[in-house]
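Please take these sequences and the hints and turn them into a complete structure.
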Amino acid sequence: GAVVSQHPSRVICKSGTSVKIECRSLDFQATTMFWYRQFPKKSLMLMATSNEGSKATYEQGVEKDKFLINHASLTLSTLTVTSAHPEDSSFYICSARGGGLGTDTQYFGPGTRLTVL
Amino acid sequence: TQLLEQSPQFLSIQEGENLTVYCNSSSVFSSLQWYRQEPGEGPVLLVTVVTGGEVKKLKRLTFQFGDARKDSSLHITAAQPGDTGLYLCAGAGVQGAQKLVFGQGTRLTINP
Numbered sequence: 001g002a003v004v005s006q007h008p009s010r011v012i013c014k015s016g017t018s019v020k021i022e023c024r025s026l027d028f029q030a031t032t033m034f035w036y037r038q039f040p041k042k043s044l045m046l047m048a049t050s051n052e053g054s055k056a057t058y059e060q061g062v063e064k065d066k067f068l069i070n071h072a073s074l075t076l077s078t079l080t081v082t083s084a085h086p087e088d089s090s091f092y093i094c095s096a097r098g099g100g101l102g103t104d105t106q107y108f109g110p111g112t113r114l115t116v117l
Numbered sequence: 001t002q003l004l005e006q007s008p009q010f011l012s013i014q015e016g017e018n019l020t021v022y023c024n025s026s027s028v029f030s031s032l033q034w035y036r037q038e039p040g041e042g043p044v045l046l047v048t049v050v051t052g053g054e055v056k057k058l059k060r061l062t063f064q065f066g067d068a069r070k071d072s073s074l075h076i077t078a079a080q081p082g083d084t085g086l087y088l089c090a091g092a093g094v095q096g097a098q099k100l101v102f103g104q105g106t107r108l109t110i111n112p
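Each protein sequence line maps, in turn, to chains A and B.
Read in our numbering, the first sequence has 101 at position 101, and its numbers run on one by one without any break.
Read in our numbering, the second sequence has 87 at position 87, and its numbers run on one by one without any break.
Mixed in with the good hints, there may be bad ones.
Stated by the list, open to error - Lysine to any residue pairs mimicking SDA-like chemistry, simulated, CA-CA at most 20 Å apart:
#1 B:99 / A:45
#2 B:99 / A:58
#3 A:64 / A:54
#4 A:41 / B:81
#5 A:41 / A:89
#6 A:41 / B:36
#7 B:59 / B:17
Stated by the list, open to error - To give an idea of the interface, some chain A residues facing chain B are shown, with a C-beta separation under 7 Å as derived from the structure:
#8 32
#9 43
#10 44
#11 46
#12 49
#13 93
#14 104
#15 105
#16 108
#17 109
#18 110
#19 111
If you're looking for bench data, these hints aren't it; they were derived computationally from the structure.
Just so it is clear, CB atoms sit at the ideal spot from N, CA and C, and this is done for glycine as well.
Written as structure tokens, this is what we have:
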């Protein structure tokens, strides 16, 4: 099956610092990657869609300067939370989609728990 | 804007009982995925349904895609405590939209 990894799985940082989260597709090439945020006991909220080699498309209300997304290769996308504040504390999940696996299906990473003190 | 209404949002039943979770929309989807998520982990794909009227079975789980591709259901037979988790349906738009539309999720608890 399609495997997507995320690193780190858990991060605690001080307010004002930046945190980078990596998302990798391990056994397929991901033409498109997605970044989600999930609040406790809620469904997933899409933050942005990232296509390899181009700028990410952000959902309404998501600050692009706050959440920097880079998709430099077909197997790696990164989300950087800049100048993090306690309200950025959340569970961040990435997903990846590759054409050869069924165009619409997204495969999710295990998530990253971010806690900003 | 496409929406997926998922119900029920919470369900707590006894081991051995049957249950059905529904996802409904007024929009047509090219495909629909069902995921299961456990606390602190990412969603795990259970099934993708593509054809209207399609039925897929995964052990005690039966997934159905509506004839018009606007709705889907997940039926679990003889539920077990290991089925406990958050179940999410997600639809892909017909116009080649890349992103998925997610339902609100169903938090299922199976009591021993």
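To test your reading of the hints: which numbers does this structure violate?
none
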